[in-house]
Structure formats: C-alpha cells, structure tokens
Amino acid sequence: MTIAEENKTQETKTLPSFLIAECGTITTTVTLFDVAAGTYRLLAQATAPTTAVEPWLNIMEGVYAAIRQIETITGRSLLTPQRKLITPARQNGSGVDQFIAVGSAAAPLATSLVGLFDEVSLASGRRALASTYARATHSLSLNQDPNEEKHLAALIGEKPDLVFIVGGTDGGAAQRLLRLVETVSIGIGPMAARQTVQVLYAGNKMLRERVRELLKDRAKVHVAENVRPDLQTENLSDAIRLLHELYSDLKIGSLPGVHTLHEWHQQPVIPTVQALATVARYFAALHKGRVLIVDLGSSTASLLLADAHHVEIFMRNDLGMGAPIINLLDEVEPAAIARWVPQPISDEEIRDYIFHKSLNPQTIPTTELESYLEQAIAREIIRCVAPKPLPPFKVLLARGQTLTNTPRPGQAILLLLDALQPTGIFSAALDKYGALPALGALAIYQPLAVVQALEAGVLSDLGWVIAPTGKGQAGQSALKGSVESAQGQFDLDVEHGRIDATILDTNQMAEVSLQPDKRLNLGFGAGKGKKLSVRGGAVGLIVDARGRPLSLADEDKRLDQVRKWFWDIGG
Amino acid sequence: MHAIIRTTIVAPLIRLRVRRVLPIAGEVITGIGQTVTPMQTVARATQYTRYRILPLSDLLQIPPAELANALMVHAGDRVKQGMMLVDKKGFLGRRQQYQSPLDGEVYEIRNGRLILRQMSEIIELRALVAGRVVEHIASDGVVLETFGSLIQAAWSTDDEDAGLLKVMASAPDSLFFPEQITTEANSAILAVGWFDQLKVLERARDMGVRGIITGSLPAHIGRMASLIDLPVFVTDGIGSQGMSAPVFELLQAADGRRTALLGKKSGVRTDRPQIVIQADKKTTTDPRSAAEPLAVGQVVRLLRQPYLNQMATVTHLYNLAQLTASGVKAHGADVRLENGKVVFVPYANMEAII
Numbered sequence: 069m070t071i072a073e074e075n076k077t078q079e080t081k082t083l084p085s086f087l088i089a090e091c092g093t094i095t096t097t098v099t100l101f102d103v104a105a106g107t108y109r110l111l112a113q114a115t116a117p118t119t120a121v122e123p124w125l126n127i128m129e130g131v132y133a134a135i136r137q138i139e140t141i142t143g144r145s146l147l148t149p150q151r152k153l154i155t156p157a158r159q160n161g162s163g164v165d166q167f168i169a170v171g172s173a174a175a176p177l178a179t180s181l182v183g184l185f186d187e188v189s190l191a192s193g194r195r196a197l198a199s200t201y202a203r204a205t206h207s208l209s210l211n212q213d214p215n216e217e218k219h220l221a222a223l224i225g226e227k228p229d230l231v232f233i234v235g236g237t238d239g240g241a242a243q244r245l246l247r248l249v250e251t252v253s254i255g256i257g258p259m260a261a262r263q264t265v266q267v268l269y270a271g272n273k274m275l276r277e278r279v280r281e282l283l284k285d286r287a288k289v290h291v292a293e294n295v296r297p298d299l300q301t302e303n304l305s306d307a308i309r310l311l312h313e314l315y316s317d318l319k320i321g322s323l324p325g326v327h328t329l330h331e332w333h334q335q336p337v338i339p340t341v342q343a344l345a346t347v348a349r350y351f352a353a354l355h356k357g358r359v360l361i362v363d364l365g366s367s368t369a370s371l372l373l374a375d376a377h378h379v380e381i382f383m384r385n386d387l388g389m390g391a392p393i394i395n396l397l398d399e400v401e402p403a404a405i406a407r408w409v410p411q412p413i414s415d416e417e418i419r420d421y422i423f424h425k426s427l428n429p430q431t432i433p434t435t436e437l438e439s440y441l442e443q444a445i446a447r448e449i450i451r452c453v454a455p456k457p458l459p460p461f462k463v464l465l466a467r468g469q470t471l472t473n474t475p476r477p478g479q480a481i482l483l484l485l486d487a488l489q490p491t492g493i494f495s496a497a498l499d500k501y502g503a504l505p506a507l508g509a510l511a512i513y514q515p516l517a518v519v520q521a522l523e524a525g526v527l528s529d530l531g532w533v534i535a536p537t538g539k540g541q542a543g544q545s546a547l548k549g550s551v552e553s554a555q556g557q558f559d560l561d562v563e564h565g566r567i568d569a570t571i572l573d574t575n576q577m578a579e580v581s582l583q584p585d586k587r588l589n590l591g592f593g594a595g596k597g598k599k600l601s602v603r604g605g606a607v608g609l610i611v612d613a614r615g616r617p618l619s620l621a622d623e624d625k626r627l628d629q630v631r632k633w634f635w636d637i638g639g
Numbered sequence: 003m004h005a006i007i008r009t010t011i012v013a014p015l016i017r018l019r020v021r022r023v024l025p026i027a028g029e030v031i032t033g034i035g036q037t038v039t040p041m042q043t044v045a046r047a048t049q050y051t052r053y054r055i056l057p058l059s060d061l062l063q064i065p066p067a068e069l070a071n072a073l074m075v076h077a078g079d080r081v082k083q084g085m086m087l088v089d090k091k092g093f094l095g096r097r098q099q100y101q102s103p104l105d106g107e108v109y110e111i112r113n114g115r116l117i118l119r120q121m122s123e124i125i126e127l128r129a130l131v132a133g134r135v136v137e138h139i140a141s142d143g144v145v146l147e148t149f150g151s152l153i154q155a156a157w158s159t160d161d162e163d164a165g166l167l168k169v170m171a172s173a174p175d176s177l178f179f180p181e182q183i184t185t186e187a188n189s190a191i192l193a194v195g196w197f198d199q200l201k202v203l204e205r206a207r208d209m210g211v212r213g214i215i216t217g218s219l220p221a222h223i224g225r226m227a228s229l230i231d232l233p234v235f236v237t238d239g240i241g242s243q244g245m246s247a248p249v250f251e252l253l254q255a256a257d258g259r260r261t262a263l264l265g266k267k268s269g270v271r272t273d274r275p276q277i278v279i280q281a282d283k284k285t286t287t288d289p290r291s292a293a294e295p296l297a298v299g300q301v302v303r304l305l306r307q308p309y310l311n312q313m314a315t316v317t318h319l320y321n322l323a324q325l326t327a328s329g330v331k332a333h334g335a336d337v338r339l340e341n342g343k344v345v346f347v348p349y350a351n352m353e354a355i356i
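So the protein sequences, as listed, match chains E and G. 69 is the number of the first residue of the first sequence in my numbering; add one for each residue after it. 3 is the number of the first residue of the second sequence in my numbering; add one for each residue after it.
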C-alpha cells in the first residue's frame, strides 16, 4: 500500500495519539504526537533528568516530571492524580492512546566474547557488540592465549552479563569450538549457582544442539544465525537483533521502576539505537540514498550508516560527552582537542575540564570558552567513532546536546564537517527536539505519523553542503557557480582552503549550478560540474573547499585559521 | 515548574546505614545485632585465581561418565601436592596413577575433566565504622547501623580506610603542601582545601596517613592518585577551586573524630564515595529524601564556571528555557550568590545540598 492509499484508508478511522518516552542515561525526553488539522504533528516535548540512579532510584520520576511539563505546555491531562497514565484518549481531550518506551539508560551488557580465531570469528563478534550497548570485558580464543586455565580463571572472575560464543563455519570443524564451550561451562559454574547465566551462541549452526547440551544445566542459551557461515560471509544482523533484545531484557529490564514503563507500554523497552536504526532506514528509503546519523550521547557515541535495506552501526560505549568523556584522553592528546578551539587554552585546562565533566555529566557549558572546548571534544569523539574512509551520503542527521544546543547553528555544521570530513553533496539537519528515537519507535507502530510529523518540521534543517575531494593552491578559485532562488540570484566563487556559507532561508528552494576546479571532484568526476535543487536551512548553502584531509596550520597560525573558519561559517 | 536536580548529602548528624560488601561471594562472620569496631572483620572470602584442568578420562581412556567412579576424590575435597587422585588397574593389569600437581581443592569434575583450584588469597572485609549489624546481604556482606555525619564525595580512588580526622586547612581554598605532613599525621585522615603536587600523596603514604580528603585536585594528580596505595577522596571537583563552604564547615566541626572513607569497594549502588564521620550521640533522623522537586529558597551548589563551587539560594524558577551568557539555551533558575548578585543558572549546573 502506498502512503497515499494508507492515508486514505486511515481517514475513515480515528488515528491514535502517541506518547513516547526516551530514557537516556542523563536525560529523559517525552514527546506527544497527535493529529492536528488532519495530520500528525509533534504537539509537545519535554525533558527531565533520568532518575534511575540515586537519589531517586526510580526511572519513572523523570518520566512523570517530563509528562507534567507536557501537561503544563498543552493543557492536556495525561496523568491521574495517582500518576496513572490516562489511556486511551478521552472525549474531553485528556489522555493518550498509546505509550511507547525507548531507552539507553542502563549500563552496556558486560560480555565475555568466546571464539576460535581473533581475525575471523572474534572480529565479527566484536563488530556485532559494537552495534549495540555491549562491551567485551574479556575475550577467549585459540590464538590469543592457549592457556585454557587462564581463561577459566578470567571467566570465573569476570561475572559477565552475557557470554557471547561465535566461531566455526557452518558444517566446519567441531572439536576445538566444543572444547572452548566446555571451558565456558566450567567457568560459569559459580555464577550459575547464584543466577541464570545468559549465553548467546552465534557459531557453527551444526553444533547448536551440542552447545545446548554442554550448557544445559548452567545457562539459558539463546541461538542466533552464525556470524560467519563461511569464511567470505559475515552475517551480523540476527546476532545484533538478539543483543538488542538481551540489552532490553537484562539491563533496561533491571532498572529501578521500569516495571511501570512495561505496564504502560506492554512491550519490551526499545533500545534507542534500534529505534535510530529504524528511522535511519526509513530516511534512506525516503531520500533514495545513504543516510548518516551521528548520535553523540552522554554515555555512548554512535554513527549509523543506512540504505533502505541495511544499517551499519558504529558504536562506542566507552566514549561520550558524559562520564566516559574521561576515556578520550586515552586515545588523543589534549593538543588534538586544543587545535579546534578558537581561543588559547592549556593542556592542563583541557584535562581538568574533561575530568570535571566526567564527574558532572549532566552539566552544560555556559561560558564561551567552555562551549568551544566542549565542541572541540565532540569533534575528537566523533573522529574516534567514524569509519575510515567514510562513504558518501545524501542526508546527514545529528543529535546530542553538544550538537543541537550550540549558540549558533554554524558551529554545529562546522563541528560535523571538521569531525567527519565528509565528501560529496548532502543535506544536513539537527534533531533539535530529540525526536529521532521517538520517530523510530513510531515508524514501527504508525509509519504514517512519521511522514506527516517530518513534513510538519520536526527536524531543524541546517542546509546543504558541497564538499569536493581534491586540493588546490590556496587563494585560487576552487568552485564557481550560481544560486537562484526567490531571494534572488547570487554568484558563488570559493577559494581553495576556504569554507563558505551562502544564506538561504529555511524551506527556501534554490537551483544551484556548480563548476569545480579541474582538480576537484564533486562525486561525478574531476572537474565535472553539476546542477541541482537544494533547500535552505539555518546556515544555508555551505561550500567546504578546505580539502580532504583537512590541512591544519602550524601552531602560530592555528588560532587565526580556526577563527576564520568559525567566522566564515557564521559560528 | 516541576524541576528535579541532582543532590549531594552533606548531613551533620543522621542515622546511617552503611553497606559493607565483599568483592566476591564469601562468608559473613558477624551476627545480626552484633556490635563491631572499625577494624573488625565482618566477612571473608577465599580468592582462587589459579586453576588446573586434568583431562583424566582421555588419559585413562574411559568414557567421561565413568570418571567419577575412577577418582579417589570428590568435588570440594581438599588435596595436597602429590596426593593420589586416581589409582586403578588398567588394561592387562597395568596400574594407572595420577597425583595432584598442587595444594588446593577439587573444584569440579565435568565432561571427563578434573578441575583443581589453588587458594591464592583470603579477603577480609573490615567494618571501617563502629556500629551494629542490622542486615546480612546474602553471603557477601552486611549492613551496619551507626550515627554521625555523611558527606557524599565527587570522586575517590578505589582504596578505603578509617582513622581520626585531622583538618589541615585554615580556609576552604587553602593550598596544601607536602611539608605540612608531619609525624602527627600518622594514622590520621587528613582534610585539606586542595593540593597540586603528587608529593603530597607520596609523603602521606610514607608517613602512614590513612587517607586524604580534599576539596579539589588537578586532573593529572587525580589520574596518578589511583596508582598510589592511599585513599584519596575529592569532595567538590577537579581543578583549583578547593572545598565548598558547607563541606569545609562540617569537617572543621568534626576535627578529631573517627572517620571512614568508603569507596567503590563498599558496594554503594551508584559508586558515589562516602565520608562517614562518627558521633557519640544517637539520633532518629534519617537522611533527607532527595527526590523532592527544586523549590525557591533551596540552597544549591553551582557546578560550572563562572560560578564553580559557589553556594547560592534559588530565587526564581523559570518555566521556559533561557539564554545563557555563552548563547546556549537552557531550563534553569535565578539564584542569589553569596555576594548578593542574582544570576541565571541552568538546572543541569546546580545540585541541591541536603
């Protein structure tokens, strides 16, 4: 059924309203979607601290606080005086038809990864873990350390949430993998005496029953498709699906107060990254091209690269703008952060700031220097997460407070361009209202609502970016062209090494003609021009002719260079 | 506006329930109702880190299911190095013997393999506070009831200890130097404004100091502190701001009292370190409920520049997000600083002191 046909069918019945709560580690966002003037709209959204930790120890306190704010904003009663959700919606306008819960407030799944060989099955296992809220606390393989007894001691000492066993091609050799499973069965013995041990098996499918048999009195065994059915094929999707489910069940499911969310939703809480993956696929189908979502959270940083059928997730559970920010200093020197700050700053100030922020992850910068510093840290975190090389994409969506709450929109787009150094032609938007996970959840239950909410402007367009590959002589023309819109006609002429923004109002359409220098490539061949239609945004039409990779000036000229970039982009 | 913000407990005299939990399962050796002293062991556990796997059914060439019958030991039995594990007649009357390679115990017999483990360490969990055992936490630890002051710290190293409190600062932002640590500091918990030399920690350790409470310290000292075998508890944050006034005043008033530094090993649910200063008098006052919404008149501690570590009183709560000096929009409140100036601060950048 097409969207138009679906639209017509649904006109004859009452469309349900949705209240969606997304509980992150620091912030809980509640969003109300309902039909207004014939189409779905985001009616209201509110945030409150996530209250799964002390002193509250009840995740619902944050949810209630955000819902109370929505009641204030809309004048619509959603909770009874006893704090019960009013559902379904009443004739008098109070209540809501459906409640959906999305979350990432729990710690990642601590996982012992078991497999045959580092470079094959274990590598696939690690990629699967890096697609969700999980971290490998220990890995056990044949070629890491043949000392089985050491692994045994490690398994007994670790007490992981999950043992994830991969290895063997389908129908391949059995004995070595079964030996490892035997070691696991011994290692989880003490844990099994106190609780149900969870094992996810995604190895040689011919051994599933043997694995179940070996672990039957010690663990609950979940079985996924083999991550490496043969040496040439990697199949992670089923294992990732089960890892999402296990995270929701084992980790989110044990948050204090979560039973009320379950009562309201009557379904497992959807992991935020799963909701984002759904909305990423949705956007990719809508735009008929690849979509990149950058999600810079407090406890995780992730990039989702999607086409209409497949989503690749690059996630770091040990990096984020909150408590794990401290781990960034294990990966980069303070100088790597300082290079993006348009004011003088010492290594010591950077170290102090990062440590302090890790202890106070909910805090936000309120001085100009701290704001620039936080953006510089965000650049380096995104650089750590981004795949290399980053393939071209048509749409860039970004979320996370550091990105969406910059003092000026130019700072957000500059942050993304510096961190990702993308190439090609794409549109960029910010998830300013934190609605993307809600849209992802909504896409599962009511896809029509997603289309209509997007048309109503749930996202904040930044504009279009033209980012050619190749380099030329600074000062010489890199790209020429023209922009024709209802606002008038402008000529474009951007020099090599420069970044330039042309004002083009939000929702303003423009016809753009581009002719790059013969050394530059817009994605259609070196020196090949392009005509295209673009839509404006808070920044406008951005031409990034700084080259790839970015050339950063020496220390004595660095401040001037970075300041100029901020100035040119309106940051 | 229904605003809820983070809280920190800085309470002068309350009834405290202190959790003491072993890092691994063990045995509780104190009964409910028993009173304990700070250095008394309340629970202990045996740590095994060395395992030996003997594939005996392969070596004896018997099916795994028959191994238990062939063995002279059972799971849980103590074994000595050289002790006979198997002594049986094999094919054509040849004797098959296997001896234990270590002193330890039989951990398990599974799938034809005999697994032995060697004891490496006894972990003893000390009470660190004087009090009464009011609850057992499975076989892992106890809950102790005691009376005194509680300060929730911002950060600590993993170590923990107890001793008499010795306040070494004359003002909350006093910089502390290694030379100030003398022999009088032996066995004491030192409270200082802040310090910026690693030598402070090295000298404290060498002089037998039991722990250091500081308002703040620079990040590079914090990262190094974890490598020194000494509890370091930071009450306010990272940098050179020192200690906030309520914490300093409480510590000053408690100078000379028995103090416990309880870190991550204490099984505190949120891993927030705690400083417990014991009092001789009892009270029925429990810690205040921290989940109440923010209200006008409430005292808050400010967590970010330009007002870092200042105490303030809430004067107005905003319903709508306001613009901050940096241009960032945020929900927040007007607060009156100690100098009388009223400024807007985001809710995210303040915490209630209760």
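To be clear, the hints were calculated from the coordinates, so they are not data collected in a lab. You may find that some hints are simply not true.
[Claimed, not checked] Subject to a maximum C-alpha distance of 27 Å in a straight line, what follows is the list of computed DSSO-like cross-link-like pairs (lysine-lysine):
1) E:Lys539 - E:Lys500
2) E:Lys625 - E:Lys462
3) E:Lys632 - G:Lys331
4) E:Lys356 - E:Lys152
5) E:Lys625 - E:Lys539
6) G:Lys82 - E:Lys500
7) G:Lys331 - E:Lys218
8) E:Lys586 - E:Lys596
9) E:Lys500 - E:Lys548
Problem - List of violated hint numbers, smallest to largest - result: Of the numbered hints, 1, 2, 4, 6, 7 and 9 do not hold.
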